[in-house]
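Novice: Residues per chain are reported as follows:
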Amino acid sequence: MPLFDRKDKSRYASFSRRTLMLGGGMTGVFAVLAGRLYQLQILNGDQYMTEAEDNRVSQRLIPPPRGRILDRFGVELATNRRNYRVVLVAEQATDGIGAALDRIAKVIELPPHQKERVLHDLTQNKRFAPVLVAENLSWDEFARLNLHLPYLPGVQPDVGETRSYPFGPELSHVLGYVAAAGPDDKKYDDDPLLDQPGFRVGKRGIEKEYDGQMRGSAGASRVEVNAYGRVIRELNSLAGAPGKDVYLTIDRDLQRFVQQQLGDQSAACVVMDASNGDVLALTSTPGYDPNLFNVGITNEQWHGLVSDDHKPLLNKAVSGAYPPGSTFKTAMALGAVDNGLADLQVNCNGTLTLGDHDFHCWSWKTGGHGHVDLHRGIQVSCDIFFYEVARRLGIDKMEETARALGLGATTGIEIPGELGGFIPSRAWKLAKLGIPWQQGETLVNGIGQGYVLTTPLQLCMLAARIASGKAVTPHIAHEVGLTLEPRPEPAPLPFSEAAFEAVRSGMSAVTNDPGGTAYAHRITQAGFEMAGKTGTAQVRRITKEERQSGIRSEASLPWDLREHGLFIAYAPVTVPRYACSVIVEHGATGHPQVDMARNILLYAQQRDPVKLPVAYPVHAAEAAPKGKAT
Amino acid sequence: MTLRPYAAARGSLSIVDKLYEVNWGLVLLITIIACIGFAMLYSVAGGSLSPWADKQMIRFVVGLALMIGVACVDIRFWMSFAYPAYVVSMLLLIGVDVAGHVGLGAQRWITLGPLELQPSEPMKIALVLALARYLHGLSVEDVSKPLRLFIPLAMIAMPAALVAMQPNLGTTMILVADGVSLLFLAGLSWWWIVPTLVGIGAAVPIAWKFVLHDYQKARVLTFLNPESDALGAGWNITQAKIAIGSGGATGKGFLQGTQSRLNFLPEKQTDFIITNYGEEFGFVGCIALLILFAVVIGYGVQIAMSARSQFARLLAIGVVLNFFFYIMINSMMVMGLIPVVGIPMPLISYGGTAMLTVMFGFGLLLSVHVHRQVEIPRHSAGII
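Going line by line, the protein sequences match chains A and B. First residue of the first sequence? That's 1 in the numbering used here, and the numbers climb one at a time after it. First residue of the second sequence? That's 1 in the numbering used here, and the numbers climb one at a time after it.
The following block holds chain A by itself, in its conformation from the complex (with noise of 0.2 Å):
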């Protein structure tokens, strides 16, 4: 080539050495990108792949209806209403959260302790998690939100379901109520629902019993988002399952009607059907109203429940503890009978002296009983008679009897919070006390003062398995998601035929015999009549300088240290249907409870035959051969 001069060619030589350097150096740096590639895609591209995947999907709790809670003619005590709310989602806040509570607090109330609160629940969830920051709002504050929606960024409204008791305090202490999750609920329950803004869980009664199978399960919505969060498109969705209905035994009318009975007395009351257990009703008065606490409870509310001293928060129909007083001498008289003091006698003067101390009959003023036997001794209640009674069958014989009438152990019925009263017995007074048992103490227990403690609900059930001869247990829950409750045969009692007999006779006395201690307050119509036994429970000693100095007229003490007042009885006698139990704290004077055991029978009785408790709805039977439904 004759054109290259000289100089060129050397450079030319050089530069074509360089470029094949370089040259190798670029083909160095496209192997590194290959390989780097074939890091990423081919020997991590799965793990990168589930990234991806893990950004694209989200998973969207869908909260399944909170199953119904309905009475046994299926009318709704507990239902879903539709709960207008607005939620806020910290990251779309875009100008502060502050600034947006502001914003929304003029378009709707928001009180500031809510601002608090919201503000706390803020730092307590992430920052895409929605929080509640308002519910239960009117259709027009709805309304106005979704109006001024352009100008509140982060705002969401949202339509969801709230609890909702129609009846109010009508039924407080057999439903309970449900109430937003707090950390005790997280502890045990890794639900993802509870973290669900404006979830609710059973707090107490019914709902917190069956809060497993009422919740049902969540639906999942898996949806497509992109980077901020925003739902692009439904992928799929898993359907949830819907909270079950839960039907009691419960009769809601009979409920209403004991609760006016009741009145504004501190009281309880069970109703039970004697031949099954069914509960129908129960209350404990003074109630609360559940709704209150689902839509949040004000301090005031609050304050005002705990400080009454008629205790609306206790369930006093299964969590109250009393003394039976005389109800207790029934059970007596079962053990009595059958254990060879069926024809026991015994003269009753009102004094009964033992060692050195003086035991009294509630009739010690008037000069005594006279001649009793056991029917005589039930109808009159006299105290005298059962002191012998006690004092021949023992603690220990009187502990059995007891336990075997179900006393001194929960009854097992489905609400939270049962207690089980209380039988005492010899090993426990010397293991808890130290002391040896003393007969005085058999004869005090013997009338059931002293130790024993039992629950209206457990006087109930004597009633009824004195009624019915059987082993009848009380069970509020008759249906949970169309599937029946266990409900087994009750099983005879150890006692025999004619030791009930015997009671039965002396508990219709009480009633339709003059000189019955509830005489005066029997049912009159002829078929309805009821048997029934009155007891008095102490809430302090009355002391001998009490005694001889004239004891203080009840109704001179102040309301807290008077008697309580208690009955148990069942009806009709012939053939008895309905046991019932009535207990007014601090109200024995003029024995209204008799008045109202007596009132709550008869309307039981003489309910619409229609309406009789003698078949639930028809769909449980339906239901039933078709296995678990679920």
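Check before you lean on any hint, since a few could be wrong.
Which chain B residues face chain A? A few, computed with CB under 10 Å, are given here [to be verified]:
#1 Ser181
#2 Phe184
#3 Thr238
#4 Lys241
#5 Asn263
#6 Phe283
#7 Ile291
#8 Ile297
#9 Val301
#10 Ser331
#11 Arg378
Quick caveat, the hints were computed from the structure, so don't treat them as lab data. Keep in mind it's a predicted model, so treat the numbers as computed, not measured. For glycine and all other residues, C-beta sits at the position ideal for the given N, C-alpha and C.
Put chain B on the given structure of chain A with help from the hints.
Specialist: Leaving out everything else, chain B in the frame of chain A:
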């Protein structure tokens, strides 16, 4: 045909001859790569030509015309154009820095009438042109003489410093790499090269301690361990790696990439567009693209080797190296091999100035090819 070399050596080819001499295979390759870019822009827009693919197509067509036009212009014109182009580019860079100080802080853009452009982009070509012209006049021995070496080093350092002040670390790196590579190819003595490399190695810890801004250090640290801040500064790298990696061997399929469509990818239509390509076409697609790039570079190297003047050789190889550095830095950045520095993928990323600059560069490369027989005397390297 046999006469053409003589005509070519005199520089008297007709326009038809010149079009005939254009390396149409290279043009086809460039077009194929650009089409991959259109497809990706269509994909990241969620299967839509707007807002990116349509505009990019128009720019490419304009760029194609520019490229052919540049290819047909005599190589000696481009030699005389080199210094003015460098001076104008410098003025634009200064203008941007001044405007940036007055106006919007770190500013890479300048508005000239209806045009918005990034002066750092044309500077890459202007620097190559100017260096090629200067080095054309030097023999191998001359290059290593300190007084002769000072001028090209200053030609590299001035724009690099201005761009670094914007600040735009990626472009600074490319300018320096382009310039130093040309010095190397012109025959710079190893006595210069080896001690300099050693010195740089020693200077890195000092620079780390005293020179780099905190945000720059943070970027490097984030790069070294992106998962340490997966939702903050490490987000870009993490998501880019997830996108590429999730493509697997054969990819998720065209328009099936979820990372970009759902906005997990940052700068999905510009610097990080190749992550979407990796996600949708997988390892196979990525290797195919690398091969396409490699063939273009190979063509370029062959063109440079066949040119008869030092200016043409250096110009051609400079353009090719510029293209290569773009690819290298962008790929390494999105694959997490180097920190994020903001360099687009040539021909594929959305962006007007970069597209036109790259096409202009390819035009120069083709011009070298078309005028490969032209001889240029060494003394004509002087100013104008």
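Novice: Does each hint fit the structure? Answer for all of them.
Specialist: Hints, verified against the model:
1. Ser181: With a minimum Cβ separation of about 7 Å from chain A (threshold 10 Å), the hint on Ser181(B) holds.
2. Phe184: Status holds, d = 6 Å.
3. Thr238: For Thr238(B), the interface hint holds, since the closest Cβ of chain A sits about 9 Å away, which is under 10 Å.
4. Lys241: holds (6 Å)
5. Asn263: holds (4 Å)
6. Phe283: holds (4 Å)
7. Ile291: holds (9 Å)
8. Ile297: holds (6 Å)
9. Val301: holds (6 Å)
10. Ser331: holds (5 Å)
11. Arg378: At about 7 Å, which falls below the 10 Å cut-off, the nearest Cβ of chain A leaves the hint on Arg378(B) intact, so it holds.
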